[in-house]
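J.: Listed in order, the protein sequences are those of chains A and B. Under the working numbering, the first residue of the first sequence is numbered 1, with each subsequent residue one higher. Under the working numbering, the first residue of the second sequence is numbered 1, with each subsequent residue one higher.
Any given hint could turn out to be false.
To be verified - In silico DSS-like pairs for lysine-lysine, Cα to Cα no more than 30 Å straight-line:
hint : chain 1 : residue 1 : chain 2 : residue 2
1    : B       : LYS138    : A       : LYS288
2    : A       : LYS332    : A       : LYS396
3    : B       : LYS281    : A       : LYS277
4    : A       : LYS206    : B       : LYS235
5    : A       : LYS346    : B       : LYS60
6    : B       : LYS235    : A       : LYS277
7    : A       : LYS346    : B       : LYS138
Rather than coming from a laboratory, the hints here were simulated on the basis of the structure.
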Amino acid sequence: MPFIPKNKKKWAKSAKVWVSELKFMLQKKSKFSALVAITLTIFFFYCLRSLFPTKASSAHKTPATHGIYENEVLSSTPLIFPSVQDHETLKQLGVEGLFTLRIDVDGNREYILKPADPPLTEAERKELAELDMKKFVKKSFSDHGKLVYKSKVNHPEVVIVTLIDFENYSLDHIIRTVQNKVDYAQRHNYGVYVRWAQEFLPLVQKQNMEASYEFIKPLAVRAAMNAFPYAKYFWFFDHNGLIMKLDTSLQQQLLEPKVLEAALLKGVPVTEKSNIKTYKHFNPKNAKIIIPKTESGRLDTSSFVVTPSVQGKAFLDYFSNPLVRNYPWADKFTHAIGHMLQWHPKILQKTALVVPKTIASLYDISKSKKNADDSDAFTYRDGDFVVTFSGCQQTKTCETELEKYYQLVKQD
Amino acid sequence: MSSSTPYEYSYELDEKKSMNLDYNYASSFSKYKKYVLWLFLVIFVLFWLSDFSLVAAEPKVVIILAVNSGGGGVLKWKSEQEWAIEHISIANKRAYAKRHGYGLVIKDQSLAKRYSHEYREGWQKADILKQTMREFPKAEWFWWLDVETLIMEPQLSLEEHIFDRLDEIANKTLTDFNPLHIATDVAYVDYSQESDMLITQDCGGFNLGSFFLRNTEWSELFLDLWWDPVGYEQKHMVWEHREQDALEALYANEPWIREKIAFLPLRQINAFPPGACADFKYDLRYFYNEKAHDFVVNMAGCNFGRDCWGEMRQYTQLMQTLHRRWYSMFF
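Okay, chain A solo, but in the shape it has when bound:
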């Protein structure tokens, strides 16, 4: 009788036995364990597969989203504003000293910026600050545009966007206007995004402040959207304006649907003498763009709110399209917005025109002596949320008026 080892016999079972044993196992240990085994096997193969990237996923690599500059610097605080004390040096350097000037064969002069410009590290900054002040200021100027705030924790819901101008305004004016916005933002946990308006000159075709300041506003708001990716509202507020009631939040003042409903202008001509009227049935919850409309029917571009929605981005990008920007508008940005709202109902559907008392009470030179019983609904009165000095450039009173009102800001 030949000797057959026990273990050999065990493995030499016929297929039938294996199947029947498996069936028994299934019955015994219930179908659940079998399912678990199958799931684990599939998962194992899936993990194996992901180790080797397939052709499809690597076929079309798309670049990451970035701002005007390809590199970004993470800001530790949601209060982003440039070092205003560089004002004097910047003024000396001038726009021609801050950007590269390119002259083409036809003699067209154009300032350009370098999107791939790498930011300085902290050590390099310290070193450069001691070596060459002018170079340091120039580098800080271009590095400022790379700042972004990407912390998801405690990300501000509202970001106040302001442009400041070192060519035409004094340091005192700039300090006051920036301080006012920072004071306000700090109270309500908002973000602040202040940029030198001159930073955007290479992106426009008419490269001077007088011609292009208005069209730099949408560019600045778009840059703010990139810098604060999780914010919900972007409030552009002009540097010639002050927030007078620091303790009122923008939500209480304007954004809450009930408040917005009360401030809405329904069924009014979009611009002066327009046949197109705003919608009579407008749900304030649908508002993606909020623009105040003045007494004379003019759309006020000194203060407006845009959300980072499809409509909001389309709104901003539209004005940054050279075809639109360089069209000979009689009243620049204001008329361009008027045109857009009249021709594009899908934007008008989502745009709330509101009374200027909300975010753009205009100061009035003739009525600057405060009358307590003055029931004017358009110009600034004591107790209004903000005051704007639109039109002060003509009378050259921007700085004096702002200084005067700055003393009146209610600190608490």
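Go by the hints and put chain B onto chain A.
T.: Relative to the frame of chain A, chain B by itself:
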């Protein structure tokens, strides 16, 4: 033994039967009438309120076929051959739509008076798309096709040919193929967004003879902003391909448009016959290849010095040979 069976038993059975026959069905129904009515009411309300219906549901994909695009209307007499081309083209799309359960709308693109000003002509395409979107609010995709196109491989569904493998075939950037030399990397574009518009590029730039548009908020807004008098007033002498040029300008300058557009290879949905793009006749990316079984052939520009009817006939015959089966010899 049989007599031992009790007589009474069968008698009782008969008694029951006769009782059953006598039973008043009408009166028993009246007992449940209330419930039956309630049931009917519930079903009626359900049908009324819900989307459920026994007739075919609204299609997920709607093909828009534009006819009479070469002026037409009162300006031009439509020739016999043009009628024939239209006929073949419509039959081709109708068969395809029927086979895969898609919708088909045929839109007249003849020159309407309100578009007659030179810088308004490009408006019509956007208007037709908007109109169709209103007609089919539940459709997911719209496929625009010019009349001089033929679907050569009708057995392929759009899902298996395109929508299910967008990651593989669609390119969100222009880095690989950029005949217009548009800047490829611009600020603020979020390429991770889902594409809402699928277009192709030929040798001269964007081609809108065959493209897809998804039914989304973005698409509605885009159709609204595509036509803008400010652009056309400045460019109507330069933009000879009207809406195509306008789209190129929007793509180049507005990031919110760019992030939603993806490019398919031309031969995926819009292959050209050898006559088109004649300056690039050795570039295989443009031209229909029967061995590769390209999906659609577009006889773009055939009415500019080429023979539309001849090409149409040639491709119809080719399609028949390609899809001939061994058993077709018996018929």
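J.: State for each hint whether it applies.
T.: How the hints compare with the structure:
For the suggested pair B/LYS138 and A/LYS288, the alpha carbons sit about 25 Å apart, so the restraint of at most 30 Å is met. A threshold of 30 Å between alpha carbons decides the hint, and for A/LYS332 with A/LYS396 the separation of about 20 Å falls inside it, so the pair holds. Our distance criterion of 30 Å between C-alpha atoms is broken by B/LYS281 and A/LYS277, whose separation comes to about 54 Å. Note on A/LYS206 and B/LYS235: the hinted pairing holds, with a Cα-Cα distance of about 20 Å set against a maximum of 30 Å.
Under the criterion of a C-alpha separation no larger than 30 Å, the hint pairing A/LYS346 with B/LYS60 is consistent with the structure, at around 24 Å. Restraint check for B/LYS235 and A/LYS277: the C-alpha separation of about 29 Å stays at or below 30 Å, so the hint holds. With a C-alpha separation of about 19 Å, the suggested pairing of A/LYS346 with B/LYS138 holds against the 30 Å cut-off.
Violation of the numbered hints given earlier is confined to hint 3; every other hint is satisfied by the structure.
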